[in-house]
Structures are given as structure tokens and as C-alpha cells.
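Peer 1: Whenever a hint applies, use it, and build me the whole structure from the sequences.
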Amino acid sequence: MSELTIVWVYPDLLSTYGDRGNMLILHRRALARGIPARTVEVRSDEKLPAHGDIYLIGGGEDGPQASAAERLIADGGLHRAAADRAVIFAVCAGYQLLGSSFFAKGEKCAGLGLVDLHSDRGPSRAVGELAGDIAPELGLPPLTGFENHGGRTHLGAGVRPLATVTTGVGNDSVGEGVWAGTILGTYAHGPALARNPALADLLLRWATGEENLAPLDETWTGRLRAERLAAVGRS
Amino acid sequence: MSDDRKPTELPAPRASTPRLPLRTALAAQVSRTAAALSRATGRGDGSVIGGRLGMMIDPDLLARLADGREIALVSGTNGKTTTTRFTAAAVGVLGDVATNSFGANMPTGHTSALARAGDTRYAVLEVDEHYLPQVIKATLPKVVALLNLSRDQLDRAKEVAMMAQLWRDALDAYPAVHVVANADDPMVVYAVGDHPPARITWFSAGQRWQDDSHVCPACGGHIERWSDGGWFCGNGDLRRPEPQWRLADGKVVDADGVAHEVPLQLPGTVNLGNAATALAVAARFGVRTADGIPRLATVASVAGRYAQVDRDGRLIRLLLAKNPASWLEAFDMADDAPTLLSINARDPDGLDTSWLYDVDFSPLRGRQVLVTGDRAMDLAVRLEINEVPFSHVRTFGDAVAAVPPGRLEVIANYTAFQDIRAELDRVV
Ligand SMILES: [Zn+2]
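Chains A and B, in that order, are what the protein sequence lines are. Read left to right, the first sequence gives residues 1 to 235 (our numbering). Read left to right, the second sequence gives residues 1001 to 1428 (our numbering).
Derived from the structure by calculation, the hints contain no laboratory data. For clarity, every value in this text was computed on a predicted model and none was experimentally measured. Any given hint could turn out to be false.
What the hints assert, rightly or not - Label pairs and their calculated CB-CB ranges:
| no. | chain 1 | residue 1 | chain 2 | residue 2 | range |
| --- | --- | --- | --- | --- | --- |
| 1 | A | Pro215 | B | Trp1226 | 45 to 51 angstroms |
| 2 | B | Gln1368 | A | Pro123 | 47 to 53 angstroms |
| 3 | B | Asp1228 | A | Gly233 | 50 to 56 angstroms |
| 4 | A | Glu218 | B | Asp1360 | 22 to 28 angstroms |
Stated by the list, open to error - Incomplete in silico selection of chain A near chain B, CB under 10 angstroms:
| no. | residue |
| --- | --- |
| 5 | Ser15 |
| 6 | Thr16 |
| 7 | Gly18 |
| 8 | Lys47 |
| 9 | His51 |
| 10 | Gly76 |
| 11 | His79 |
| 12 | Glu147 |
| 13 | Asn212 |
What the hints assert, rightly or not - To give a feel for the contact side, a few chain B residues facing chain A, derived at Cβ under 10 angstroms:
| no. | residue |
| --- | --- |
| 14 | Leu1140 |
| 15 | Asp1194 |
| 16 | His1195 |
Note that beta-carbon positions come from the ideal geometry of N, C-alpha and C, so glycine has one too.
Peer 2: Next comes the structure, spelled out in C-alpha cells:
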């Protein structure tokens, strides 16, 4: 890889929750390690590039979510990227899109079917702080974020949640998000990578194959994490 | 009042208090008394509690209090408090104007404002965008000003396009209302819908924020933009109307094409745009633009916003920025001077701080930047990623001590703004 390519999928439809932040953070943390990197924003009327290293999909309301699913299925680019084992990081509505189906505006919509999961409507909207313990094999500190979604997500037998919920709802009050190969999905905004820089570095390690990334100054991210985790009774 | 009441011709000016049914008169009286009590006990300015008590006694109170007045409603995501203040000032050329100057912009606040004002022929009311249909129905306004629609308070706001639809349906039912609307905002143009063209005044006030209007609210297609501010839907169902009122070379150009110098105390192009909108609304009431302009120059602050306070040699100015669009506007208004940013995430602010990443803070590079507030750490991480150097201070007092004598700009979101305003002895 000559240059790490970070692709932000459909910011015109899916950028309700400060999703630009995840792109900016990955870009900055790559450059800080001397990894050449560039960002590409792809509108929903443009073709997705085939050779991205990291694909980011953000949150959005029902209408744009349903449009994004239709266009992504027609485009096929994300399927090809997943087959090439590109890294995919999807948040909220974008996370639901990865599965076989989701609900938008009261109707069941076809998802991309990239991961064995599906989403339906929950009994009430999940709004508030979200925290959990990330799957131990990933070796990361606790997840912190803010969630705001009406859906519940059910994982198939072969895939695992990204984290075990300690505060909030996530998928179903037990598991939160999904981890499947080099694909991560989460309900966490904040944006997620601002509150969880170790998760950003995990995506960068997957994309570059570098086992060890030089440590960065985490003074402010550390203080932000400490404050948000303390707010939900964790240290 | 029945729902089929239609706007009437201009009523004759009244000399005495209108005769209200006993129950309404009682409710209005209770409303005024409760508001006075609330103010006297220091529990706020009283506009909300007064209106709420009054409406418990007579749910039609707002409609009854509105009856016979000529009313302008001002709604939108941003700029409505200032535009309301400007409009009330301009319409004041004609006589006394009732207005909800404390920013209580829901029906209880309107009830309180009208009850408190007593008998005025005119009223100019700021309306929360969610309540606009309800308030149009209750007050049967002469003019409705639609400023803009953008995202606000992520964790509870309706989808922007849904709000545009809500407005559109409301206006559909009241074709006699005159609409003064922003031609630059596709969401507003969609909301105006098929309103009779003779009852629309389009204005252009130089909108900066466009991230919420990439997608056509009519068809979901793409909104294409020209560099001169023009825009159209690629599918051809929506395009920018030709504005009658606009800004050009720092002047306000009226519907006859006459350019006016509009000297204001409030800073920024944004406020010049708000002034243009106010003059367009006032013109519908018969105010000559040349007569309205001097009134606008008397407005020095709006509910504490833009107010300048001297504290220990620091000339402090307060700017409210409650969503991404208004942060961009605040950067435009602020001088190149030390700047304090303060962020909370309490209920009125919205609990989710993700929107910080929708704002580009790079205009602050090169200024001394301080951060404070409940969520200063979110701001700190955001500024670090944006490569804007900053320092963190625990209190407003620490911020004042940390900057040299001279201008200090303070930009804060809603409750952070209120906190600082309280520290500055509730400047109004
Ligand atoms: Zn269209």
C-alpha cells in the first residue's frame, strides 16, 4: 500500500452523528505515525472506489438509510471491498445496513448482507450513554459512546458482539455492535473513535498490517474517556 | 374559537382592553400574576410559568388573546430570536407591539407575552419550529417568516425534511397568510410549497450552512449549487426562487430594488440578513423601510446575546451558538481576539456532543482559545483533531484572568451561555 485510503461512504445521506469525526481521527492518527494517508468522500450518486483500505459508514435517519441501502446494493463496491478484506467501520444506521434486513419508516428493508445479523424495532428508543467491555481477544480498554436508536440488532450464530454492555442498550442490552473479521459495527456515536482512540488504532493496524503503532499523546482523549466512563460509574 | 376562522381584515385600533369572556379574563389575570410572582421570587423571567397557569384555566386563551391583533410569527432553526427583536422594533414605528422578548417561544410563552402586553394592535412572536402549525392555527397571523431549517439538538430533533413537511402541511391550510421566506434554503422553499405566489415574499440573506440540504426534500435527489448561491434539484422539481429582498455589498436591497445602508449595533453579516428579513416582514405591515431602519440600530443585545460587559478591563461579548450552523455564524461575528468556548450537554442543549465534528473550528487558529463548560473535554479532543491550540480553564472567572485586557469573545451553547450570563449578573 503506497497510501492509506480512507473512504467515507455517502456523507450526503449518512452523517447525522458527527460521523466526519471518525474520518478525521483516522487520518490524523495515521499521519501522526508517518503513514501516508488520504481521505475520499463518496456521494451517493458516485461510484464507490474499489481499492479503499478503510470504509466508514455513518448514522442517518430512516429515509436516507433506506436510500443508502438501495444504492449500496446496486453499486456492489462495498461487497467487493469486503471480499478483499478491506476494513469496514459502521455506526448506527450504517451498522444496521451491514445485515440482511432492517426497519426504516415502518417497513422491512433489505440490507447488504455482509454480516450475519438483522435489525428490527425495539420497544422504545435507546438514548443515552453507552458503555461496555470490548471482546477480550481484541485487547482494548472499555468502549464508551452515546447511543440514539430505535432498532435492536440480532447477531447470527457465527458472529460476535464487539462488546458486552455495561451501560445502555446497544444491540439488545446484552451485546453491543459486531466484530466479524475486519468489519466492526457499533451503535456508539461520540464520535466513537474520538472517545475510543484504541479502536481507531485497531482499524489502522488491520488496514496497514503494522502490529505496533507508535504511541500518541493521549492527554485529552484520556481525560475525555475518564470523564465519560466515570459518568456511568466506571473507572 | 372554531378551527375554520379565517384571517380578517385589519381591525380598527382599539382604545381599551378588549372585552374577554370572564373565564378568559380570569385566565389572563392569573397568567400575569403568576409571571410577576415568578419574577419576584427570582425563579426566572416568568413567561413560561405564567402562560402555563393561564392555559390550564382556558385552553383557548392564546387564540382569544390573539383575536383582533395583527400578528407576525417568526420561526426557523437559527436567528429567530434576533429577527423577532428586529421585527418588533421595526413594526414599533406603527404603535405598541407585543413580543416574547425572553425567548419563551412555545405556546405558553406566547400566551404570557400577549397577556402581559395588554391591548396592543400588533404582535411579533418567535415560534419554536415544532410548534409553528399549532401557533398558526391559534393566532391566525398576518405574516409568517420562515428563516431556515437545519439540524439542532441531535438526540431529539425531528429529521429536517420531516419538519419541512410539517410546515408545508400547516401553510397549506392557511392560504391567506403572507409568507416571508428564505429563498436560499431548499427546506424552506419546499415548506412554502404551493402557497399563492402573491402571498410570498422571498428573501436571500446569505446562508452559510448547507450540509442539511444536499438532498432534495421533494424527491430525495441531489441539490446542485452554483457558486453565486443559486441551487436546483437535479430532477427539476425544486429550484431557488428569485428573491425580492437581498443583501448586496453590505446593504439591504428592498423589493423595489432600492439599496439601503442599515447601521446595526449587532455584529456580522448574519445579523444584517436578520435585519433584511425583519424589514421585509415590517413592510407587510405597512412600515416604510427608511422608517424601520433607525429602529433596528437601537437594538444593542438580544436576551443577553451580543451584550458587551466590561469586567476588569476585559470587554466581554457573549455569542450564543447552539448548533453547527450557528457556530459558523459566531466565528463570522467574532473579532480576531482571545476567545472562550463553553459547551454543556444538558437537556436543553441536547445530550449528544457528536455535532462538534460537524463544525470546522479552524477559523480560530491564531487566536488565544480557552475551553470550559461541562463538556470541555469533548471540545478539547475536537480542537486537538482540528489542530487549534487551546487551554482549559475551570471557570469563567479563570478565563477572564487568563486573557490580557481588551476584547474577550465568548461563544457558548445554550445552558453554558445561561451559566455565563448568570455570572455576569444577568445582563440583558
Ligand atoms: Zn427533487
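Peer 1: Determine for every hint whether it applies to the structure shown.
Peer 2: Structure-based check of all given hints:
1. A/Pro215 - B/Trp1226: 45 to 51 angstroms: 48 angstroms, holds
2. B/Gln1368 - A/Pro123: 47 to 53 angstroms: Holds: the Cβ-Cβ distance is about 50 angstroms, inside 47 to 53 angstroms.
3. B/Asp1228 - A/Gly233: 50 to 56 angstroms: 55 angstroms, holds
4. A/Glu218 - B/Asp1360: 22 to 28 angstroms: Roughly 24 angstroms apart at Cβ, these two residues keep to the hinted range, so it holds.
5. Ser15: 8 angstroms, holds
6. Thr16: This hint holds: A/Thr16 lies near chain B, its Cβ roughly 7 angstroms from the closest one there, short of 10 angstroms.
7. Gly18: With a closest approach of 3 angstroms, the A/Gly18 hint holds.
8. Lys47: The hint is violated - A/Lys47 has no Cβ within 10 angstroms of chain B, the shortest such distance being about 15 angstroms.
9. His51: For A/His51, the interface hint is violated, since the closest Cβ of chain B sits about 25 angstroms away, which is over 10 angstroms.
10. Gly76: Hint on A/Gly76: violated, closest Cβ of chain B at ~21 angstroms, above 10 angstroms.
11. His79: Because about 23 angstroms separates A/His79 from the closest Cβ in chain B, which is outside the 10 angstroms limit, the hint is violated.
12. Glu147: At about 9 angstroms, which falls below the 10 angstroms cut-off, the nearest Cβ of chain B leaves the hint on A/Glu147 intact, so it holds.
13. Asn212: Result: violated, 23 angstroms to nearest chain B Cβ.
14. Leu1140: Hint on B/Leu1140: violated, closest Cβ of chain A at ~32 angstroms, above 10 angstroms.
15. Asp1194: With a minimum Cβ separation of about 22 angstroms from chain A (threshold 10 angstroms), the hint on B/Asp1194 is violated.
16. His1195: 24 angstroms, violated
Comparing the model with each earlier hint shows violations of hints 8, 9, 10, 11, 13, 14, 15, 16; every other hint is respected.
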